[in-house]
Each structure stands twice: as structure tokens, then as C-alpha cells.
Amino acid sequence: MTPVLPTGCVIALVGAESTGKTELARAIAQRLQDRDVPTTLVSEYLREWCEREGRTPRPDEQQAIADEQTRRIALAAATGVVVADTTALMTAVYSEQLFADTSLYDRALAAQRRYAITLLTALDLPWVADDMRDGPHAQQPTDTLVRAALAGAKLSYAVVHGSGGERLANAWNALVSIAGNEGRPRTRARSDAKPASWSWPCEKCSDPECEHRLFSDLIARRE
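First residue of the sequence shown: 1, per our numbering; consecutive thereafter.
Hint data in this document are derived by calculation from the structure and do not stem from the laboratory. Heads up, some of the hints might be wrong.
Stated by the list, open to error - Beta-carbon label-pair distances, calculated as ranges:
| hint | residue 1 | residue 2 | range |
| --- | --- | --- | --- |
| 1 | G135 | P6 | 34 to 42 Å |
| 2 | P126 | G180 | 18 to 26 Å |
| 3 | R58 | R26 | 24 to 32 Å |
| 4 | P126 | R26 | 14 to 22 Å |
| 5 | Q30 | D130 | 20 to 28 Å |
None of the values given here were measured: they were computed from a predicted structure. Even for Gly, the Cβ is constructed at its ideal location relative to N, Cα and C.
Please take these sequences and the hints and turn them into a complete structure.
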């Protein structure tokens with residue numbers, strides 16, 4: 001089954017380092033394209049920036065990086081569906097985590113509110129090191145901050161578990177379920193919008209067994 005996603009619909013992937021955001025974003029975009037859904041994959045600008053500059057950004061460089069991520073997503077949304085391999089929200093989270101700077105959240109959450117679907121990648125994959133990643137010890141604090149930001153802004157999200165094909169299947173089922181429940185996913189949310197009806201009942205929980213159960217219950221209700 002293919003979810004009905006209008007032009008301008010943004011599927012935003014967020015989550016801690018080494019939780020498979022990039023691989024999952026590519027797989028979702030490819031499947032949509034294979035099903036003749038005009039789709040653009042927007043990659044992580046922060047990684048591009050770090051590779052170009054050969055270093056991680058300073059605190060004063062974070063806002064521009066977040067803004068560029070948002071700009072690229074908005075540009076792509078004009079022509080079809082967007083799968084975003086991270087959003088400005090993650091830059092805001094890293095700014096708080098690394099520099100105790102919370103100034104990026106307002107703009108990042110305003111952008112996040114415009115995205116139709118937010119998928120949060122769970123902490124159930126093996127850690128894969130690279131030169132830009134902090135370490136596995138940073139995953140749980142990052143995950144906690146992401147959940148807190150989304151919950152505080154009353155933004156709904158679905159948690160995606162599993163590895164390889166299972167992770168893609170779970171993400172796809174969530175997309176189909178959300179799109180079917182909402183009729184047409186939001187391309188823009190009102191500033192006073194409440195959490196959508198597909199919001200997880202336990203948004204701050206990070207217990208994989210609990211979240212697996214919630215996911216199964218959600219899909220069962222939609223079938």
C-alpha cells in the first residue's frame with residue numbers, strides 16, 4: 001500500500017547519532033520514487049558542512065547551519081514530497097547538548113511544525129563510529145532532548161524500531177497509517193495545533209518493548 005502524500009508533504013527524520021536516519025531516509029525516498037511519487041531526499045547539511053570545513057561548527061555557526069537545512073527542505077517541498085534526513089531541530093538539540101545554548105529551538109520548532117510527519121529513529125541499532133560522531137554515551141541524552149522538544153511543542157511523532165528491512169517496513173507502516181488517519185497529511189500546521197490523533201500515548205518513553213507494543217497497537221487500530 002502506498003500512502004497518499006500531497007505535494008509539499010515533508011517526512012522528517014530525527015534521532016540521535018548512529019540510529020540509521022540516513023539509511024532509512026534513503027530507503028523511504030527510493031520506495032516512494034519507485035511507486036511514482038515525486039520525491040526529493042534532502043540530506044543532512046551539518047555533515048556536508050563538517051566535511052567541507054574539516055571540523056565541527058562553533059556555537060556561533062550553528063544557527064546558519066540550522067537555517068540552511070530548513071531552507072533546503074522548503075525549496076524541495078515546492079516540487080513534491082520531501083524526505084528530510086534530519087531537520088533544524090537536531091542542530092538545536094546539539095547546540096543545547098554541546099554548548100548549553102537553547103536559542104535555536106524557537107526557529108527549529110516553528111519549522112518542524114510545518115512538516116507533515118516526524119519519524120524518530122529508536123536507539124536499537126549497533127553503534128557505528130565515524131570522525132564526526134561523539135560516542136554511544138551521547139545517544140540517550142540526545143534522544144531525551146529530542147523527545148522533550150517535540151512533546152513540549154505538542155508535535156506528534158512516531159518511533160521507528162528494527163534493523164534493515166524491518167526498520168523500513170515499520171517506517172512504511174507508520175506512513176501508511178498516519179496518512180490514512182489524517183486523510184491528507186498537514187503541509188502547514190496552525191500555531192495552536194494540538195497533537196495529531198496518531199501521536200504516541202507515551203511520547204517520553206524510551207523503553208523499546210513499550211514502544212514496540214504501542215506501534216503494534218497503532219497499526220492494529222488502523223487495519
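These are the hints, each one checked on the structure:
1. G135 - P6: 34 to 42 Å: 40 Å, holds
2. P126 - G180: 18 to 26 Å: Between P126 and G180, where Cβ atoms are some 33 Å apart, the hint is violated.
3. R58 - R26: 24 to 32 Å: 30 Å, holds
4. P126 - R26: 14 to 22 Å: 19 Å, holds
5. Q30 - D130: 20 to 28 Å: 23 Å, holds
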